[in-house]
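Asks: Each chain, letter by letter, is given below.
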Amino acid sequence: MTDVTNLTAAELAGVIASGEASAAEVAEAFLGRIEAEDGAINAFLHVDAEGARAAARAVDEARAAGRELGPLAGVPVAVKDIMTTKGVPTTAASKMLEGWKPPYDATVVERLKAAGTVMLGKTNMDEFAMGSSTEYSAYGPTRNPWDLSRIPGGSSGGSSAAVASRMAPLSLGTDTGGSIRQPGAVTGTVGAKPTYGGTSRYGLIAFSSSLDTPGPFARNVLDAALLHEVIAGHDRRDSTSIPQPVPPVVAAARQGATGDLTGMRVGVVREFDEAEGAEPGVIAAYKQAVETLGKLGAEVVELSCPHFPYALPAYYLIAPSECSSNLARFDGVRYGVRTGDDGHNSLEEVMALTREAGFGPEVKRRIILGTYALSAGYVDEYYGKAQKVKTLITRDFTAAFEQVDVLVSPTTPFTAFEIGSRTEDPVQMYLADLYTIPSNLYGGPAISVPCGLSDGLPVGLQIMAPTMRDDLMYRVGAAFETTQTPLVPQR
Amino acid sequence: MMSTSTLPSYDDVVSRYEPVIGLETHVELGTRTKMFCGCSTEFGGEPNTQVCPVCLGLPGSLPVANAAAIEATIRIGLALNCTIAEWCRFARKNYFYPDMPKNFQTSQYDEPLCENGYLDVEVNGETVRIEIERVHLEEDTGKSLHVGGATGRIHGATESLVDYNRAGIPLVEIVTKPVPGTGVLAPEVARAYVTELRDVIRSLGVSDVRMEQGSLRCDVNLSLNKPGEEWGTRSETKNVNSLRSVERSVRSEMLRQASVLDAGGSILQETRHFHEDTGETTSGRSKETATDYRYFPEPDLTPMAPDPAWVAELKAALPELPRVRRLRLQADWGISDFEMASVVNAGAVELIEATIAAGGSSEAARKWWLGELSRRANESGVELGELAITPAQVAELQSLVDGGKITDKIARTVIEAVLAGEGDPAAIVSARGLEVVSDTGALTAAVDEAIAANPDVAEKIRGGNHAAAGVLIGAVMKATKGQADAKTVRELVIARLS
Ligand SMILES: [Zn+2]
Numbered sequence: 031m032t033d034v035t036n037l038t039a040a041e042l043a044g045v046i047a048s049g050e051a052s053a054a055e056v057a058e059a060f061l062g063r064i065e066a067e068d069g070a071i072n073a074f075l076h077v078d079a080e081g082a083r084a085a086a087r088a089v090d091e092a093r094a095a096g097r098e099l100g101p102l103a104g105v106p107v108a109v110k111d112i113m114t115t116k117g118v119p120t121t122a123a124s125k126m127l128e129g130w131k132p133p134y135d136a137t138v139v140e141r142l143k144a145a146g147t148v149m150l151g152k153t154n155m156d157e158f159a160m161g162s163s164t165e166y167s168a169y170g171p172t173r174n175p176w177d178l179s180r181i182p183g184g185s186s187g188g189s190s191a192a193v194a195s196r197m198a199p200l201s202l203g204t205d206t207g208g209s210i211r212q213p214g215a216v217t218g219t220v221g222a223k224p225t226y227g228g229t230s231r232y233g234l235i236a237f238s239s240s241l242d243t244p245g246p247f248a249r250n251v252l253d254a255a256l257l258h259e260v261i262a263g264h265d266r267r268d269s270t271s272i273p274q275p276v277p278p279v280v281a282a283a284r285q286g287a288t289g290d291l292t293g294m295r296v297g298v299v300r301e302f303d304e305a306e307g308a309e310p311g312v313i314a315a316y317k318q319a320v321e322t323l324g325k326l327g328a329e330v331v332e333l334s335c336p337h338f339p340y341a342l343p344a345y346y347l348i349a350p351s352e353c354s355s356n357l358a359r360f361d362g363v364r365y366g367v368r369t370g371d372d373g374h375n376s377l378e379e380v381m382a383l384t385r386e387a388g389f390g391p392e393v394k395r396r397i398i399l400g401t402y403a404l405s406a407g408y409v410d411e412y413y414g415k416a417q418k419v420k421t422l423i424t425r426d427f428t429a430a431f432e433q434v435d436v437l438v439s440p441t442t443p444f445t446a447f448e449i450g451s452r453t454e455d456p457v458q459m460y461l462a463d464l465y466t467i468p469s470n471l472y473g474g475p476a477i478s479v480p481c482g483l484s485d486g487l488p489v490g491l492q493i494m495a496p497t498m499r500d501d502l503m504y505r506v507g508a509a510f511e512t513t514q515t516p517l518v519p520q521r
Numbered sequence: 069m070m071s072t073s074t075l076p077s078y079d080d081v082v083s084r085y086e087p088v089i090g091l092e093t094h095v096e097l098g099t100r101t102k103m104f105c106g107c108s109t110e111f112g113g114e115p116n117t118q119v120c121p122v123c124l125g126l127p128g129s130l131p132v133a134n135a136a137a138i139e140a141t142i143r144i145g146l147a148l149n150c151t152i153a154e155w156c157r158f159a160r161k162n163y164f165y166p167d168m169p170k171n172f173q174t175s176q177y178d179e180p181l182c183e184n185g186y187l188d189v190e191v192n193g194e195t196v197r198i199e200i201e202r203v204h205l206e207e208d209t210g211k212s213l214h215v216g217g218a219t220g221r222i223h224g225a226t227e228s229l230v231d232y233n234r235a236g237i238p239l240v241e242i243v244t245k246p247v248p249g250t251g252v253l254a255p256e257v258a259r260a261y262v263t264e265l266r267d268v269i270r271s272l273g274v275s276d277v278r279m280e281q282g283s284l285r286c287d288v289n290l291s292l293n294k295p296g297e298e299w300g301t302r303s304e305t306k307n308v309n310s311l312r313s314v315e316r317s318v319r320s321e322m323l324r325q326a327s328v329l330d331a332g333g334s335i336l337q338e339t340r341h342f343h344e345d346t347g348e349t350t351s352g353r354s355k356e357t358a359t360d361y362r363y364f365p366e367p368d369l370t371p372m373a374p375d376p377a378w379v380a381e382l383k384a385a386l387p388e389l390p391r392v393r394r395l396r397l398q399a400d401w402g403i404s405d406f407e408m409a410s411v412v413n414a415g416a417v418e419l420i421e422a423t424i425a426a427g428g429s430s431e432a433a434r435k436w437w438l439g440e441l442s443r444r445a446n447e448s449g450v451e452l453g454e455l456a457i458t459p460a461q462v463a464e465l466q467s468l469v470d471g472g473k474i475t476d477k478i479a480r481t482v483i484e485a486v487l488a489g490e491g492d493p494a495a496i497v498s499a500r501g502l503e504v505v506s507d508t509g510a511l512t513a514a515v516d517e518a519i520a521a522n523p524d525v526a527e528k529i530r531g532g533n534h535a536a537a538g539v540l541i542g543a544v545m546k547a548t549k550g551q552a553d554a555k556t557v558r559e560l561v562i563a564r565l566s
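Top line first, the protein sequences correspond to chains A and B.
This note's numbering numbers the first residue of the first sequence as 31 and each following residue consecutively.
This note's numbering numbers the first residue of the second sequence as 69 and each following residue consecutively.
Among the hints, erroneous ones may be present.
Take a look, some chain A residues computed to stay more than 12 angstroms from chain B by CB distance [to be verified]:
no.	residue
1	A79
2	A92
3	E98
4	V320
5	L377
6	T401
7	P443
8	L517
Residues on chain B that point at chain A, a partial pick, calculated with CB under 10 angstroms [stated by the list, open to error]:
no.	residue
9	Y78
10	S129
11	W155
12	R197
13	L213
14	H214
15	E227
16	K245
17	V247
18	P248
19	G251
20	Y361
21	F364
22	E366
23	P367
24	D368
Below, simulated DSSO-like cross-link-like pairs (lysine-lysine); rule was C-alpha separation at most 27 angstroms, straight line [stated by the list, open to error]:
no.	chain 1	residue 1	chain 2	residue 2
25	A	K131	A	K394
26	A	K131	B	K294
27	B	K383	A	K394
28	A	K418	B	K161
29	A	K415	B	K306
30	B	K435	B	K245
31	B	K306	B	K245
32	A	K394	A	K415
No wet-lab data here; the hints were simulated from the structure.
From the three backbone atoms N, C-alpha and C, an ideal C-beta is built for every residue, glycine too.
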């Protein structure tokens, strides 16, 4: 048997189902890989070896008993540390939650377990998902397997690095402004943000409630679709969850794998082309990708989304506003760390000291931004106006999807940058989400698929689809993938 | 009461100032589960036993709105003649306090579920219309216990304990528009409004509206102005925990504000706390550093959009409201406004109605509930309805009197026995042998015995002095333990001695 960590998730499910390898052996192989690699990469905040072994054993027993196995039974998955896992530490990469063990599973985690997947552990991230580089983790940065001096993207950088370095075949991330797609792009992995409300937020430690969306990372489009289908679907515990059937993403990925896009209309957004700051290598790979889509039979249409340039500033009002409220609960009263409770400080002082000590700089920056944007006298000018931009961007998408089936763009303007090179200038960091944010404000699905290298570093192609038409982006992504050589880092 | 001497008299105050009152009432709904989770709303559980990730605001948890609470709020709005919003949202009210698990309260801000209604109340036989500004739905907070400070408040406490059982219980806030022009009646109007509101909500069956348990809470806003001048600055009095306190707090705030204004001072816009023991208010947290609640629409919940057809159905299905019912009963019973007012004030409407339903006449029902039974309730310091006697028992008692089985006087003895738990009136009468002695043979014997024992008196009666009969009647009554009808005895005595 070859090294199973080289196999795709679909292949792993196959060898486990056929008995070629046991789920326990597969789990051990990935745990071994983590042991060997993660010292250098720091993708995991917590490895749940015992939990993984027990879950793998249960799959092997179910198979031995002749019970039917799900399409991902026995396949290991790494989970972003922003998702609650019953009895397993969940910190959102913050000092604030050090040692907290949630009493319940997030819905997506519950569905992973029900599907018989094997959770390896919890992955590193920017604290409370605020960042684009995983440098804002309270537990040290995660490194990009393509170049250890560079960032793996963020905020779901642990999840992208784990998949890119074959420490896990699959992982879950969350995407609020690009936090799955951008790390996917810069690590050469596939990262998908489902339709907002298509995957449940119950058990996701909230950053920006109206934007947060959990979704899959994988090394190919089909694997991402398989994981997507396992975690998606209506959840009555999340009021914003959409009570509709899951779009047929796996079937769409299989259809796309035929490499035929005849009849598909692909939109290219003029405003994106005019945006400044994108690296020439990224633009070159993207142009090449658009040409390839044409060769696959798609009709490429240039169109205008006039409000897209306002997406980034609107996002940096909406997300901080919501986070300033969502993170108010971290006060040391009920759970997590408590600072300054020495018998002299008042309760209010203890709450303030706890927040001072527990939150990192980027979280504080956004709480302050959001508190300001919601303040009396400013709320209409900032939060209110940003909501109007959100409506206008939604209209842009709706109008665009009357002309085309999907929109494409680069996923992020630049390849993985050097650790430390952008932390001094938050606005430079925020630019990483230039192309990804419009889909979050609209609520529609979008995926990043590798489209080559620029100076030896991966570049991603973003494919955006209408809400609840996640299947379209998987079809286009899978078709495009047939033209690409798999990107494998030299580790 | 140290400040009493400096306070002007109430009559003096109302002759020089006009009060404007406003009432903010919070009603805990009696839904089975909390506003945004499935936890029980039962009162009085062990601290922190009725909690879950949602109502504890644990990271990752999300709210799901309780449809029964939304329906109850709409019904309250309809009963208060409000317009029901066709589309509205919850909003987050952000402020830090340890009894709020998320450090924001899910409430409503500029899009209340119900607005622009009114409630008519009766004060001194006059109808006063109280305009309702809004009725909205929110979640209750937990309860804090601050230990070690001088004041029992958060400042200076060495330890704070929090019970989250109450956190997340659906709470309806009902806010009146400012009510000017009530003058001397301001305290009574305030009380009448809260009473009427309580009765309306109780009639809807959506809350037990018990002020002593906190399921009905009231904040009283009050300002004074000189006639013809603009409204003054208002204070907001909290901790008003009974109907009586509503009235007292308005009166005491009127006196306090008048004395401040008389002395050339100005009223602070502040929160004040009412004290049951002294009947006075003291200053709470000043609102000068006004909290900015940073309201914004709750992104975790979808908007509420009650279907107008469904709202119309709810409206059609509202029960008869207390005021309408009172007017109908007053007409049925054929009593005056004044008499009806005493029935209402005694809290006897339902009791009398039920007594009549059980076969009693309206006169008799009113006589017992407003007379003997009110007296006993007062003596024991309980509400009339809390007495251990049912309307059916009162009806039975009256039928015993009407049938000549017992006298009115014996009836009072029977009431005492019923209250003591001895059973139903008829059973008590027979067990205790309290039935009127109507057997003339037995009575004649008792009369003859009395005549034989009092020859002098008998002689006087024979001589035509019928007034002397009282002595013999008394003797017979004593011998029959009061169970004889005095009138019958008198007739017998005179017949024997004629
Ligand atoms: Zn609960």
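Asks: Against this structure, judge whether each hint is valid.
Replies: Verification of the supplied hints:
no.	hint	result
1	A79	24 angstroms, holds
2	A92	29 angstroms, holds
3	E98	31 angstroms, holds
4	V320	35 angstroms, holds
5	L377	5 angstroms, violated
6	T401	7 angstroms, violated
7	P443	28 angstroms, holds
8	L517	33 angstroms, holds
9	Y78	39 angstroms, violated
10	S129	7 angstroms, holds
11	W155	16 angstroms, violated
12	R197	33 angstroms, violated
13	L213	12 angstroms, violated
14	H214	8 angstroms, holds
15	E227	9 angstroms, holds
16	K245	23 angstroms, violated
17	V247	27 angstroms, violated
18	P248	28 angstroms, violated
19	G251	36 angstroms, violated
20	Y361	8 angstroms, holds
21	F364	6 angstroms, holds
22	E366	8 angstroms, holds
23	P367	4 angstroms, holds
24	D368	5 angstroms, holds
25	A:K131 / A:K394	24 angstroms, holds
26	A:K131 / B:K294	62 angstroms, violated
27	B:K383 / A:K394	49 angstroms, violated
28	A:K418 / B:K161	22 angstroms, holds
29	A:K415 / B:K306	37 angstroms, violated
30	B:K435 / B:K245	40 angstroms, violated
31	B:K306 / B:K245	18 angstroms, holds
32	A:K394 / A:K415	23 angstroms, holds
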